[in-house]
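If you read the sequences in order, they're chains A and B. 1 is the number of the first residue of the first sequence in the numbering used here; add one for each residue after it. 1 is the number of the first residue of the second sequence in the numbering used here; add one for each residue after it.
Any given hint might turn out to be false.
Same chains, same label: a pair holds when it works inside one copy or across any pair of copies.
Derived SDA-like pairs: lysine to any residue, alpha-carbon spacing no greater than 20 angstroms straight-line [stated by the list, open to error]:
| # | residue 1 | residue 2 |
| --- | --- | --- |
| 1 | Lys141 | Thr131 |
| 2 | Lys141 | Leu31 |
| 3 | Lys123 | Glu22 |
| 4 | Lys141 | Ala128 |
| 5 | Lys141 | Arg98 |
| 6 | Lys47 | Asp57 |
| 7 | Lys47 | Asp122 |
| 8 | Lys47 | Ile101 |
| 9 | Lys123 | Gly159 |
| 10 | Lys47 | Leu105 |
If you're looking for bench data, these hints aren't it; they were derived computationally from the structure.
2 protein chains.
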Amino acid sequence: MRSLRVLGVDPGLTRCGVGIVEGFVGRPLDLVDVGVVRTPSDLDLAKRLLRLERALDEIVVRQRPDVVAVERVFSQHNVRTVMGTAQASGIAMLVAARHGIPVQLHTPSEVKAAVTGSGRADKAQVAAMVTRLLRLDAPPKPADAADALALAICHIWRGAAQNRLAAAVAAAGAAR
Amino acid sequence: MRSLRVLGVDPGLTRCGVGIVEGFVGRPLDLVDVGVVRTPSDLDLAKRLLRLERALDEIVVRQRPDVVAVERVFSQHNVRTVMGTAQASGIAMLVAARHGIPVQLHTPSEVKAAVTGSGRADKAQVAAMVTRLLRLDAPPKPADAADALALAICHIWRGAAQNRLAAAVAAAGAAR
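Make the full structure from the sequences, and use the hints.
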């Protein structure tokens, strides 16, 4: 099984978490890169989107991920900031599509369940598991960076589960 | 007073209205271009955003607007489609910023009030006024195209009002 390099993006305008993880199921995962893209809140919204696009484009060109995993944004909570979050996630998807890289969305509870076993885990628990799974000395800071890594890990594991399921279905079909 | 060329964008993923109007207050306005960018709803979201970006970029390069006026998206209504609308508006802002073109947001009621005199006007009323103000033979179709033209008209008129206010304030200060 080929190793997968996944860029996780926790979308946001003030802080956009980016984390790259490489690996596959059943083997220890490797941290490739982690960081946060910030844009000043007093800057024009259009210019903030442009800065975010340039930063994400630079990361994609430099790191060449196989997949970009983006947190699925819901409109029901945090109405004040959700528009900016939706726009930031759109920029991340756009940059991936421009480079021909597939995009996958994962919900916050899917991510939490993947890395902690519980879809209701808190941020500290997610950060603790990311630290352990990637064998880091300390939890990545800020929380957005840890969340981006959790997204990437979630993608590697969920993708594998989906692949196993698809393989099982195909095998069952072939056996008939 | 220099004539202003405004690109109005009524953001959407399935249909994104684009309309370019040129003119200034007190003179008849001119229609430069109008249309709708469509992306197939069965296409991957990231690829829809990429198609929209390319279409808008092509329009901006070809028409060189002085300003891009985008409808301000609210998260409270139409929760199902609002995320796509927010992302489409983000793409429009991004494209403008990339070309160094200023972006201005106008709310739907500001647009309606500007072209019909009432912030509660319906779509037919807006389309009728756009048709009259631009001296067209028939209302632009679909409604998204008419809305985009209304946004551009709104921008030209609101901008002028804001400029007059600023000039009056400056004059009052100078007279003291």
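Results for each hint:
1. Proximity of lysine 141 to threonine 131 under the C-alpha cut-off of 20 angstroms is restricted to the intra-copy arrangement: shortest distance 11 angstroms within a copy versus 55 angstroms between copies.
2. In this assembly of identical chains, lysine 141 and leucine 31 lie within 20 angstroms of each other by CA distance solely inside one copy; the values are 14 angstroms within and 52 angstroms between copies.
3. Neither within a single protomer nor between protomers do lysine 123 and glutamate 22 lie at most 20 angstroms apart by alpha-carbon distance, with minima of 22 angstroms and 51 angstroms respectively.
4. In this homomeric assembly, lysine 141 and alanine 128 come within 20 angstroms of each other (Cα to Cα) only inside a single copy, at 11 angstroms, whereas the closest approach across copies is 55 angstroms.
5. Taking the shortest Cα distances, lysine 141 and arginine 98 never come within 20 angstroms of each other, neither inside one copy (29 angstroms) nor across copies (31 angstroms).
6. For the homomeric pair lysine 47 and aspartate 57, the shortest alpha-carbon distances inside one copy (15 angstroms) and between copies (16 angstroms) are both at most 20 angstroms.
7. Taking CA atoms no more than 20 angstroms apart as the test, lysine 47 paired with aspartate 122 passes in neither setting, with 33 angstroms inside one copy and 33 angstroms between copies.
8. Taking CA atoms no more than 20 angstroms apart as the test, lysine 47 paired with isoleucine 101 passes between copies only; the shortest distance there is 10 angstroms, against 25 angstroms inside one copy.
9. Proximity of lysine 123 and glycine 159 under a CA criterion of 20 angstroms is satisfied in neither setting, with 23 angstroms inside one chain copy and 45 angstroms between copies.
10. In this assembly of identical chains, lysine 47 and leucine 105 lie within 20 angstroms of each other by CA distance solely across copies; the values are 14 angstroms between and 25 angstroms within a copy.
In the structure shown, a violation is registered for the earlier hints numbered 3, 5, 7, 9, in ascending order.
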